[in-house]
Amino acid sequence: MENEHPEVSAALEPASAEMLLVERAKRGEVAAFGELIGKYERRVYRMARQITQNDEDAEDVLQEACLKAFEHLDSFQGQSKFYTWLTRIAVNESLMKLRKRKSDRTVSLDENIETEEEPIVREIAVWDDNPELRYSQEEIRQILDKAIDSLKPIFRTVFILRDVEELSTEETAEVLGLSIAAVKSRLLRARLQLREKLTRVFKRKGEQILGYAK
Amino acid sequence: MVTCKDFLRELNDFLDETTDPVLRAELEKHINECPNCWVICDTTRKTIQVYKGMEAQALPDPIHQRLMNALAKKAGPGKGGSGCCGGDAH
Ligand SMILES: [Zn+2]
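Quick mapping for you: the protein sequence lines, in order, are chains A and B.
Quick note, the first sequence lines up with residues 3 to 216 if you use our numbering.
Quick note, the second sequence lines up with residues -6 to 83 if you use our numbering.
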């Protein structure tokens, strides 16, 4: 206990080191804010790109979200992680872009899916043990992007927030203005749809079905 | 008795490990006896893992630069215009 010097920043937990940066940024230090953003810019950009499916929109989202975050930093109280707070701003910006670009009904996040039938499972086949031996990192990246792009926005967005950005169900519900139940049912559909698409690519060749490996 | 339909409905919570222990034991029993559900569960888990494991690529330099420029401009000479403590407070 007596050896601990909480004022030495190297000894701080990452979370407190981050709060120090936030405090400095709140006092107007742009460099501190730049450092904060530098940690997350690639993830925010990727998320914006996955939601909007457009490079230009994604860059706009990244900029607007960061500027807004800087402007409203005082309202960040630190109950959530900075990244979650930034993500929330960026998701809202992304959804606005999406709505602006395609003003058709498919963009609605409030679409009533509860009346749709049960999630469908068609492909039942085990995967290759090592798809990374058959595909390069870049090919896998493209396969994953293509699969995500093919989902409807309501499924895509929930999956990205929950399984790619690793927000909790509650955080995802809050960011998207959905009920917890809606987030859960959309996530299940999204996961199963992606599973379906990836199985077509990654399934073990030569084996028709069912490696009952247990 | 857990049916395949039940299993599918509980799949998310099962994978996220948020099911209560009693239900979890029943679901585990089901996949040990039902090859189809075992494969669905296994490939869904792998689907999630492969996405989680994919790191975001570095931001292209020009995009990073434009972002930093926009921030600098925002915080620039006009900074403190609406706030309390101006740039020369210290
Ligand atoms: Zn089954």
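Treat the hints with care, as some may be off.
30 Å max Cα-Cα, derived DSS-like pairs, lysine-lysine [unchecked claim]: (1) B/K(-2) <-> A/K148; (2) A/K154 <-> B/K67; (3) A/K154 <-> A/K199; (4) A/K102 <-> A/K207; (5) A/K102 <-> B/K22; (6) B/K66 <-> A/K186; (7) B/K(-2) <-> A/K41; (8) A/K154 <-> B/K66; (9) A/K154 <-> A/K70; (10) B/K(-2) <-> A/K83.
Computed spacing ranges between beta-carbons, pair by pair [stated by the list, open to error]: (11) A/S18 <-> B/R2: 38 to 44 Å; (12) A/R136 <-> B/A49: 40 to 46 Å; (13) B/T(-4) <-> A/F78: 43 to 49 Å; (14) B/T(-4) <-> A/S138: 26 to 32 Å; (15) B/E19 <-> A/E168: 37 to 43 Å; (16) A/H74 <-> B/T(-4): 45 to 51 Å; (17) B/P53 <-> A/D151: 16 to 22 Å; (18) B/P53 <-> A/F78: 23 to 29 Å; (19) A/Q79 <-> B/N29: 46 to 52 Å.
Hints listed in this document are in silico derivations from the structure and should not be mistaken for laboratory results.
Here the structure is a predicted model, which is why all the values come from computation and not from measurement.
Ideal Cβ positions, reconstructed from N, Cα and C, are used throughout, including at glycine.
So, going through the hints one by one against the coordinates:
Of the pairs offered as hints, the one joining B/K(-2) and A/K148 holds, with about 29 Å between alpha carbons and a cut-off of 30 Å not exceeded. With a C-alpha separation of about 36 Å, the suggested pairing of A/K154 with B/K67 is violated against the 30 Å cut-off. Simply put, A/K154 and A/K199 have alpha-carbon atoms about 14 Å apart, close enough for the 30 Å limit, and the pair holds. For the suggested pair A/K102 and A/K207, the alpha carbons sit about 43 Å apart, so the restraint of at most 30 Å is broken.
A distance of roughly 49 Å separates the Cα atoms of A/K102 and B/K22; the hinted pair therefore is violated under the 30 Å criterion. Between B/K66 and A/K186 the CA atoms are separated by roughly 41 Å; this puts the pair beyond 30 Å, and the hint is violated. For the suggested pair B/K(-2) and A/K41, the alpha carbons sit about 42 Å apart, so the restraint of at most 30 Å is broken. Restraint check for A/K154 and B/K66: the C-alpha separation of about 37 Å exceeds 30 Å, so the hint is violated.
For the suggested pair A/K154 and A/K70, the alpha carbons sit about 28 Å apart, so the restraint of at most 30 Å is met. The straight-line distance between the Cα atoms of B/K(-2) and A/K83 is roughly 37 Å, outside the 30 Å bound, and the hint therefore fails. One distance hint, 38 to 44 Å for the beta-carbon pair A/S18 and B/R2, holds here, with the actual separation near 41 Å. The hinted window of 40 to 46 Å between A/R136 and B/A49 is violated, with their beta carbons roughly 23 Å apart.
Distance hint check for B/T(-4) and A/F78: the Cβ-Cβ separation is about 47 Å, which falls inside the suggested range of 43 to 49 Å. At about 41 Å, the CB distance of B/T(-4) to A/S138 disagrees with the hint of 26 to 32 Å. Between B/E19 and A/E168, the C-beta spacing of about 28 Å breaks the proposed range 37 to 43 Å. A beta carbon spacing of about 50 Å between A/H74 and B/T(-4) agrees with the range 45 to 51 Å that was offered as a hint.
Between B/P53 and A/D151 the C-beta distance comes to about 20 Å, which sits within the given range of 16 to 22 Å. Hint check: B/P53 to A/F78, Cβ distance near 28 Å, so the stated range 23 to 29 Å holds. Take A/Q79 and B/N29: their Cβ atoms lie about 48 Å apart, and the range 46 to 52 Å holds.
Hints 2, 4, 5, 6, 7, 8, 10, 12, 14 and 15 from the earlier list are contradicted by this structure; the remaining hints agree with it.
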